[in-house]
Structures are given as structure tokens and as C-alpha cells.
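Trainee: One letter stands for each residue in the lines below.
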Amino acid sequence: MNPIKTFSKGGVHPEENKLSANQPIQDFPMPKQIIVPLGQCLGAPAECIVKKGDRVLTGQLIGTAKGFVSANVHSPATGTVAKVDVVMDHTGYYKPAVFIDREDQDEWAEGIINTDELLTDIKLDSKQIIDKVKECGIVGMGGATFPTHVKLMVPEGKKAEYIIINAAECEPYLTCDFRLLLEKTQEFLIGVKILMKAVNVDKGIIGIEANKMEAIELLDKTINEHRDLYKGIEVQPLKTKYPQGGEKQLIKAVTGREVPSGKLPIETGCVVVNVASTYAIYEAVQKNKPLIERIVTVTGKSVKKPGNFRVRFGTPADLLIEAAGGLPEGITDVINGGPMMGKSVSVTNFPCIKGTSGILLMTIDEAQDRRVTNCIRCGRCAMACPMGLQPFLLHKIAKHNDFDETEKNHIMDCIECGSCEFTCPANIPLLDYIRYGKAKTGAIIRARNQK
Amino acid sequence: MNKYTISGSPHVHSSENTQKIMYRVLLALVPALLVAIYYFGWYALRLTLVSVAACMLTEWLIQKFLIKGPLTINDGSAALTGLLLAFNVPANLPIWMVIVGSIIAIGVGKMAFGGLGKNPFNPALVGRVFMLVSFPTAMTTWPQAQPIFEKGFFADAVTGPTPLGILKEAGVGSLAEAGDMQFLDMILGNRGGAFGEVCAIALLIGAIYLLCRKVIDIWTPLSILLTVFVFTGICYLVDPTQYIAPLYHLVYGGLILGAFFMATDMVTSPMTIRGKILFGFGIGVITVVIRLWGAYPEGVSFAILIMNALTPLINKAFKPQVFGVVKPSKK
Amino acid sequence: MSNTLLISLAVLGILGGVLAVILYFVAQKFKVEESPMIDEVEALLPGANCGGCGFAGCRALAEACVKQAAEKGNLDGLACPGSDMSKVGKILGLVTAAAEPKIAVVRCNGSCKNSPSKVHYEGADICAFANTLYAGEGGCSKGCLGLGDCVKACKFDAIHIDTETGLPVVDPDKCTSCGICAKTCPRGIIEIRPRGKKDRRVYVCCVNTDKGALVMKNCTVGCIGCQKCLKECPFEAIEMRGNLAYIDPAKCKACGKCVKVCPRGSIHAINFPAPKPEGPINDPKPLQGAEKAKPVPAVETTANPVEVKTEVQPENTVTA
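Chains as they are written, first to last, in the numbering used here: chain A, 1 to 451; chain B, 1001 to 1331; chain C, 2001 to 2320.
If you're looking for bench data, these hints aren't it; they were derived computationally from the structure.
Remember, it's a predicted structure, so these values are computed and weren't measured experimentally.
Do not take every clue at face value.
DSBU-like mimics (lysine-lysine), calculated; alpha carbons at most 35 Å apart, straight line [claimed, not checked]:
#  : chain 1 : residue 1 : chain 2 : residue 2
1  : C       : Lys2174   : A       : Lys440
2  : A       : Lys408    : A       : Lys18
3  : A       : Lys221    : A       : Lys5
4  : C       : Lys2152   : C       : Lys2087
5  : C       : Lys2253   : C       : Lys2197
6  : C       : Lys2211   : A       : Lys440
7  : B       : Lys1319   : A       : Lys396
8  : C       : Lys2118   : A       : Lys304
9  : C       : Lys2087   : C       : Lys2211
10 : B       : Lys1214   : A       : Lys18
Kindly generate the complete structure, drawing on both the sequences and the hints.
Mentor: What follows is the structure, given as C-alpha cells:
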């Protein structure tokens, strides 16, 4: 095992609470009707290409990517399109979606290999792989849902040196990536090989936090057993510290390189891909299977049966909560994602999509008291900031709408990890203000650049 | 059905809060208070209670009737100011003076700037320096330590000089003659002085607790103590007859109390490690200069207040290094 | 002793004299020639530097007015929304028609009662941020978030959040229609509309373009796009924007017919007299807006409602 590495600046260590770590992945049965939102990635929502009454097969394309940063959407089930309408997403906003009345039997679209057989030969070349990733609508499944094919297209004049797999899973509570690593080890490793071929590098590093010893050992063992097959793949244990899975922090920890301010990770020769996305790429490239399902962790301290479920997109989240033992008493916070970067949920019947890594149910005790008091200038936020920013200062100037100052103080470098707010003894919603300032400052910068 | 809470991430928070921090500092000062009661009896207890009560009452009155804002009296910060203020005065000080000091400390030192977190100066020190300037005689007439088991709880105070006072008045030789150079007495607190500062051991126990609880970090106090040690050490080496050994400077006066409990006040000290080291260095230098060549025998309070004033500048000068930003080379 | 006094006095006196002379010459040398009219014009402007005119501040507008008046002899395109430009014209020797007085209108009535809250928001009091987090406490994704970005933006202290309804209320006496609130609102709820004749105006108090069924789910007073008002309007002043009716202020004659037919009470009529007893007594939704827009007249209208209501003449309010 390699020695444990970490990033240098800041970071916090919230309670890990990996309650569902020992729960094997269960296939979740689909409901009668599934609702597939067309906007499942960062960027523009897909354009619907089916209409009411159409019969769609499992894995059939139903929405095409619109614009550069956008991803295709496929039907997660076989059935008839009931309507193309709007559905309330987790925030309570209405978003366009395809409603599909499901048939009981899955009928897979043409060309999809639906077997569990491990296919180790990579037949496609670099360009074909990227095209396939694009075609299958694969996005970053850690939560940000950035289209993966855009990441894999190394810009002119830049050279990739490493594929880094983000298996840190630094978010407390979540265990979906961990379970995937344990149960689909070989498939995952082939996925890493495919990625290495796609960006044309001979080194793939799997960065993984040291609290997942089981996965580290299993990966090490598998790589050693098939040394020829997995040549160039390395497992790098990382210290259990949040935000170890932040793209820039991960690159820093693994390679010691710092992504320059305002630049993309490719500047350091690294391409970072999430575990679930890597597995999805394996499925896409080897089996021609588009992204139609993912592992979702349903968890929380008061949840009766926390678990990891393989969920087809479009399944309403409240069914998952039912399966995990129902909504416990006194739940005040329902989070889509992990507790540090997840999003608050207004309604629990939102459909699961590509970025739904977990559904976290918390009571007021878990979420902690949020009574805001005066800033006592303790500087803990600045100590915790992994980007070396001064959150207390950004909070103040963003509050006063002084966007020249926010820009000067590098507000655009904030990765919104929430370490500052986590550690603040005065419970000031620092990140709220910083996000606001970041949005405004970003708009000003864009407007200026367009001139 | 209860309503779900909508909030921006993160949705979990550390269990730390301001109140806990304040109470931990208060707890850390309890050993020193007990020692003070042991040596100064009723006077110390009475003064502490009055000072804490006066500070809390002042803050409550101002919040209730002047600011008309939320009442934050139980966050412990006013009580802490009161305790630190009491620790910095002679035990036999008239009660009304402490009350005046408390009102100034909270009213001028803290609430005038907008309350907790907004004051540029340490409120307890503002109160203390105000009293020192206004009532110079009372504030520099120090009672001697007399253990309550020998003299009783209500024993009358016997005033006498502090070690630093002797140094200032009569020089190093006289201190040695008077036999006040017993190092053990110094660190146990069996000496004259402000009743909170006398026992270095008790203060260090509290400081270690705070360090373990991560309420304070080591940089500021370490920097202060090192600076004082090195600076007075140099003076000692230059002329041992004129200057006293550096170790004594560390335990005399209010240096330990100041370094661990007042210079580390979060509100008025810099935020970055480099800033804290510079801050401590400044306090150390000013303290020694006042002690050796100034008009007052002790200079910790003034040193901290002066550096408090410079804190915003230090914060501006020593910003943390931003990730991925390479400092433009000066060439 | 007296010597010292005399010397100090003399030294200071001479110093003062010399400096005064120097200052005088410096002031002469660096004097900027400026039309005194700029000051006069500026005095007529509100002085809040709100930026509603498109200039950096009131003085900038005043300078532009004086310059344009001298060069082109008109004030076209220069207008302070908060003051009477005809007075400015008078100073500059021009005859200008007074601009139509306008006012900010909050087009959402999703109060705590009409759109009961389903979730509970905890975080920064910034609408622009909350807008990115969720649809709103009441569930309406187009409605007012009630965190008061408009209140903070207003330079004239003319808009406040009503603690009972949780919605912003515009103070007609203070509003200068500078439009900063409309620009600030992340959901575009606030619109600058003409105050109307006798300060009477009719508008649709909703901006939700969603289908009727979705609106009904969250709010009892939102526009559902039934188009009844559209058919009723004798002046063709109402148009549909998605599933939302919009009253064009240029065509609206404030007849108030649409108010009566609206099944949801979404159309508000401001400063209209309360319905007379012999009027449409059986109408289920009589003139919603009349009683809510101005709390004061509603109480005082016992004797002669029409007179009291119309006492706030546009001319009086705008030039204040």
C-alpha cells in the first residue's frame, strides 16, 4: 500500500457516519410510472425527441444534448410515453420531464449487451471512446453532473499525464462509491483502463480515503492478481479529511501539483473522474449501455434500514425512503446528496437523476443548532478553507455588494465545499453569502469579458 | 408533519459555538481564581463577583435599553471580561472603582463598537488601563499574598511592593537582598500583585486545557514568551547587575495571564499564524521596553492594547496564501 | 510671559495670512468654470444618486441636462423618474411636458395566508441566493421570496416588508419609480407602471406563467390564465403572456371590469372607491385591491370615499 497522502491547506473532519457501508447494493424495483427529467446535467437540458404515445425501449435515446455542455438522456424503462410535461424537482421548481408508463418486462434497445459477463478487451480507440461516452450521456456522478466527455476532450496544446479516479468519497454518510468499488471491482478497473486509453495516458491513480480500508485492500489485491491487465493503475490512500474529494484538493494530494487559480485541472496534466462515472463508462464502452441507473445511498441516523440501492432514473425518492424503513419521526432536513455539499429538498417525491448520490434524512439534532451570533473573528473559517481564502472577509464584502473587492479576494476560487461554515462557531451562513457573491461577481466578469 | 428546512449547504455543523468557547475560557481561569482566593481570601472573591456582575449587568442594560437588540448576556463574553478585569487589579481595590472599570470595559471597550466581535481592543484591558490612569494610587498599591489558612479568610490586606515594582524602584540588587527572588514562590503565587496573575502554575494548567480544547492556539503566547525571554536574556547577558535573569521576567507580573488569556482573545488578535507570531513579537518587545525603561513597572496591558490597534493592519498584511495563486516574483 | 504670548500670536497670525493668500491664488488658478444652473437643476433632483436616470448620480444628470439644453435646446431622453422634469425645463428656459408619473408595483399576493408555507428557509437573507436554492416557502416558483432584496436596494426607503403578509409594500408617497427594485428582484415581480389617472391603476397581481393547475396547487390568488378578463376588457388592454394575463397600462382605461370577472382575485384595483351598496352586491369578489392597497383611506372612507381616495394627486406626491 502506498503511504497516505493529503492536501496541504485547511480542511475539516466532520463525523463520518458511514452508516450504510456494510449494506450490499440492492436492485430497486421500478414503480408503474417513471418521470425522467430532461435536465439531468450541469448546463442546458436535453431536447425531447419523443412524444406522447410513443413506445420507448430501455436504453433508448429520448433527449438529445443541446449545446456543448449538455448530455443525452435515455429511457430507463420500457413503456409508453404518457406525456411530456413538467415535474417538480427537489428544489420545488418545475422542470421539463418525460412521463413513461412502464411495462413489466424490460426490453432493451438494440445493441445493448445486458449481461454480467466481464469484458476486458477494449476495442474502441480514443476518439470512439469519447464519442461513446458522449452518446451514452455520462456525467460526473459525484453530484456536480458535469458532462464527462467534455472533461475527456483534452484541449489543443495540453497534454494529459494522469487519470485520477476520485474515490475519496469524503462526504460523510454517503457510501455509494464505496459499495460500487467492493462489488464491481473488476468492471471499475476496466473502466479506469478505458479512461487511460481515452486520454492517452499510461498512469491511472485511484485516490481513496483511508477510512475505506476494505476497498483499498481489495483494489490492491485485484491489481496484483492481474498485473498485466491493470498495468499502470495505482491505488493512492488519502487521509480522511474533508474535502479530500474536491478536484483541486485531490490533484494536490495525489500529484503535489496545484491547479492555478482560474484554470482547469488539465493545466496540471490531470483528468479527474468519479467512481460511479468510471463504472458507467465501462458499461457504455464495453456493453453499449447508456447511463440509466445509479447507486443511491439512503441514510441518516434515525433511518431504520439505511441502504444502497441501484435505482433507475426517474424513480421518485419517496419510494426509496419507504424502502429504507419509511420517513422517521422528527425529520427536518432532507438532503439530496451528502451533508456538506448536498441540496435541501422541498418535496420528497422528486425523481432520482444522474446526480442523486444520496438521500439523507436528518433530524434537528444531527443538523445542529443554527442560531447565528456575531462573528468573533476567530479566523477558524480561514484556517479551514482548503483554497486559502478568507471566508469571513468574503462574507462581509459580499453582504455589502462590493463585487470589486470580492473579485480581488479570489471569490471565484471558492469550491463551495462548506468547510468554513461547518467550522464557524457563530453559525454564520458564510457559504450562502459567498455563493451569492460568487454568482454576482461571475456575472460581472462574464459581462466584462464579452465587451 | 413538520416542515422541512431549506438551507444552503453544508447541512451539518461542528458542535462548536461562541458560548462554548467563552465558557471554556472561564473554566480555564478557575484554577487561578481558586489560588487567588487562597492567597487573598475574601477580597479576591468579593472583587471577582462584583466585577463579573457589573460587567454582565452593564451589557444587559445596554442591550436592553440602548441598542434594543437581542440579549446575548448568557454567551459568557461579558462574564469573561469581568473575570479578566478582576484578575488584573489589586485585591483590595475599593468596590466602586471596579464597578466603574467594568462599566468602562463593557460600555466603552465593547458595546460602543457594536458588541461582541466588533471591538478593536480587549475590553478587560480597556477597563484596566482606564482604572490605572484614573486611580493610579489605588491601582498600584498591591496587597501581599497571605494564605487563608495562616491569616484567615477575612484577613486585612497587607500591602507591599510587587517584584517588578521592587525592580523598578530599587534595582536588581535590592530584590535579591529582600529574599523575594524565590522562584518557587513566584510560580506558586506567593507574592504581591494583581490577584489573577500571581500563580503561574494555575494559569498554565488553564492554558493547557485551552490548548487541548483548541480554543486558543500556541502561536501568540509562544511568540510573546519567546520574545520576552530572548530580549531580556540579551539584556541580562549584557549587564547582569542591571537586569534580572530572563526566567523571572516570564513569571513576574501579568505576562502569563496576558499571553495566554488576553492576547489570544480572538476578536482582537490576528487570524493567520504568521500574523499571530508577529502580533506576539510586538507584544513581547513593547512589554520588555516598558518594563525595563518605561515609567510603569508592568507593560503587558499596554503592549496588548497597542498591538490590538495594529491587528487590522496585520490581518491585511498577512493574508493566507490562496490555493493555485503564485505570488508574482519581485524581479 | 506677555512676550511669549505676543510672539505666538504674531507668528500664527502671519502664518494664517500668508496661507490665506496662497489659498486664494491656488483657488483662482484651479477654478473650474461651471454653469450655476447645474446647481439649480441638481437642487430639484432627489439627490439619492439612485441611478434610475441612467447616469452615475444626480449631479451627472444635472450636468447632462444643462449641456443638452444649451446645445440642442431640449431635454429629450433625459428624465429623472423621481422629479418633475418640467421644472427643470423651466429653469433652463424650455417648455417640457411633465413625464407621466410612475410607481413600483409588486405583482405578487402570495402572502402567508394565500400561499401557506410548506418548508422553512434558514440562511442568508438574500432573495437572489434563496432563488437558487428553492422555489419558495409557499411552493410557487415565480412568487415573492420575501427576503427583502428590494427593501435593501431602495434608496428612498419607499418599500418595506409587511410583517403580516411577508410581502413588500410600496409607499406611494416615497416611491420615485427609479426602478432599482425592479432590477434587483431576482424574479422580476416588481414592475414600474404609470400611477394612472387620479392615482387609480389596475394590474394583475401575479407573475406566474405556469399552467393553472400548478398555480392553484400553491396559491389561492394566483393568475391561472383563464382569459375571462381578456374577453371582458372593452379596450383590448389585456394580453396573455404564457398562462398569465397582463394589463397593458398604455391601453388600460381603469374601468375595473376585469377586476370583477377574475375568479381568483388576481387583478388588483388601487385607489378605487369602495363598491357602493347598490353596486354589484352579489359579486363574490368585489374590487380586491381597493381595500388593501392603502390601509389608511380604507378606514377613513366613511363619509365620502371618492374624495378621500383621490386626495393623493400624482403631482403632489412626485415632486415632494
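Trainee: Below or equal to 35 Å on CA atoms is what counts here, so check B/Lys1319 against A/Lys396.
Mentor: holds (16 Å)
Trainee: Between the alpha carbons of C/Lys2211 and A/Lys440, is the straight-line distance 35 Å or under?
Mentor: With a Cα-Cα distance of about 31 Å, the restraint between C/Lys2211 and A/Lys440 holds, given a limit of 35 Å.
Trainee: With a cut-off of 35 Å on the C-alpha distance, tell me whether A/Lys408 and A/Lys18 pass.
Mentor: Violated - the C-alpha atoms of A/Lys18 and A/Lys408 are around 39 Å apart, more than 35 Å.
Trainee: Between the alpha carbons of C/Lys2174 and A/Lys440, is the straight-line distance 35 Å or under?
Mentor: holds (29 Å)
Trainee: Need the status of pair C/Lys2253, C/Lys2197: alpha-carbon distance at most 35 Å?
Mentor: Distance of about 9 Å is within 35 Å: holds.
Trainee: Keeping to a limit of 35 Å between CA atoms, is the pair of C/Lys2087 and C/Lys2211 held or broken?
Mentor: violated (47 Å)
Trainee: Could you grab the alpha-carbon distance between B/Lys1214 and A/Lys18 and see if it respects the 35 Å cut-off?
Mentor: Distance ~26 Å between B/Lys1214 and A/Lys18 Cα, so the pair holds.
Trainee: Checking one constraint from the list: CA of C/Lys2152 to CA of C/Lys2087, max 35 Å. Satisfied?
Mentor: With a Cα-Cα distance of about 30 Å, the restraint between C/Lys2152 and C/Lys2087 holds, given a limit of 35 Å.
Trainee: Is the hinted pair A/Lys221 and A/Lys5 satisfied, with a Cα-Cα distance of at most 35 Å?
Mentor: Roughly 20 Å separates the two Cα atoms, so the pair holds.
Trainee: Would the hint linking C/Lys2118 and A/Lys304 be met if the CA-CA limit is 35 Å?
Mentor: holds (25 Å)
The structure does not agree with the numbered hints 2 and 9 stated previously, though it agrees with the rest.
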